[in-house]
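With numbering that gives the first Met the number 0, letter number 103 in the sequence shown gets 102, and the count goes up by one each step, no holes.
Since the hints were made in silico from the structure, they are not lab data. Glycine included, C-beta positions come from ideal geometry on N, C-alpha and C. You may find that some hints are simply not true.
To be verified - So the derived label-pair ranges between C-beta atoms look like this:
hint, residue 1, residue 2, range
1, M0, L215, 30 to 36 Å
2, V249, S81, 26 to 32 Å
3, L136, D269, 43 to 49 Å
4, S81, L215, 52 to 58 Å
5, G24, T153, 17 to 23 Å
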Amino acid sequence: MTASLLTQPTTPGAHAGLVFMDAAGYPSMSGHSVIAATTIALERALIVTPGGTDGETTLAFDTPAGTVQATARVERRGGQISVDSVAVTNVPAFVHAPSCPVALGTREVRVDLAYGGAFYAIVDTEAVGVPLTTKRLPELRRMGVEICESARKTLQPVHPLDGSIAGVAGVIFTAPPTDPEAHLRNVTVKCSGSIDRSPGGTGTSAVMAVLDAMGLLPDGLPFVHEGLGGALMRGRAVQRTAVGDRPALVTQIEGAAWITGEHTFLLDDDDPLEEGGF
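Required output: the full structure, derived from the provided sequences and hints.
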C-alpha cells in the first residue's frame, strides 16, 4: 500500500505534484500510485481540465524522480466522470549494471540492477530456488531483504543525472506467468521487507529495460506483467533515449484503479494530541 500526497506543481505545465509514502519510506516514484491518484483526482474533481468528459484526459505530475504524464481513458456514466484505465509515461528506464553477483547466505546469485523510477535488483526465482507462490512468500521476503542488504553494500547505484536518487529500493523476483495473457509474473520485496502485490509501475519499467537490453522485449506488442495478486499491467516502449552515457527506454505503463473508500481526518481543538504525539 502506498500513500500519495497531492501538492502544488513545481514545473510549468504540471497539474500537481505527488509525494509518495510507503512502509519503506518515501519512494522517488510509484507507477501504480500515479494510476490511483489520477483516477481519484478526476473522479472526485480534485483536478479539473477543459473538456474532461468522454475520451482521453492527460495530467502531468511532478514527482521526486521527475515529471510524468498520466493519460486517462474517461467517460461519463450517470452524470459522473468514470476513469476506465490510466497509462503513465514514466521517466526513462535503464540498466545500471547487468548480471551483478550478490551474496545470498553462503552462495552467490546474479541480479540485473535496473532503474525505472527507482533502482531494483531483478532476479529470476529459478536462481534462488524458490517458486513464486503466496505460500513461499516468507522465504522470498527473507531473501529479498538479504539481497537488498548485499546489493546496498556492493553495488551502491546513483542516478547519473540526479544524485539524490540512490540506493536499491527493492528486489523484483520474476517467474513464468499464470495468466495466459502475461509474459512474466513478479513480486517486489522492498528493502524494508514489505511486499508489493501489484505488478508495479516502476518495477515494470525496470524489467522492460532489462528485457530490451537482452533483445527479449516483445517487438511492437505490449509487455504484460502479472503481479502476485493476479493484476496485470501493460507496458509499451514509447521512445529510446539516453540517461548520461547509458541507453534508456521511455515506457508507458497502463493499469486501472478503483476507489474503495473515503476517510476524513478531523482536528479537535480540545484534543491534547491534536498535532500528534511525541
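Now for the hints, and whether the structure bears them out:
no.	hint	result
1	M0 <-> L215: 30 to 36 Å	holds (31 Å)
2	V249 <-> S81: 26 to 32 Å	holds (28 Å)
3	L136 <-> D269: 43 to 49 Å	holds (44 Å)
4	S81 <-> L215: 52 to 58 Å	violated (36 Å)
5	G24 <-> T153: 17 to 23 Å	holds (21 Å)
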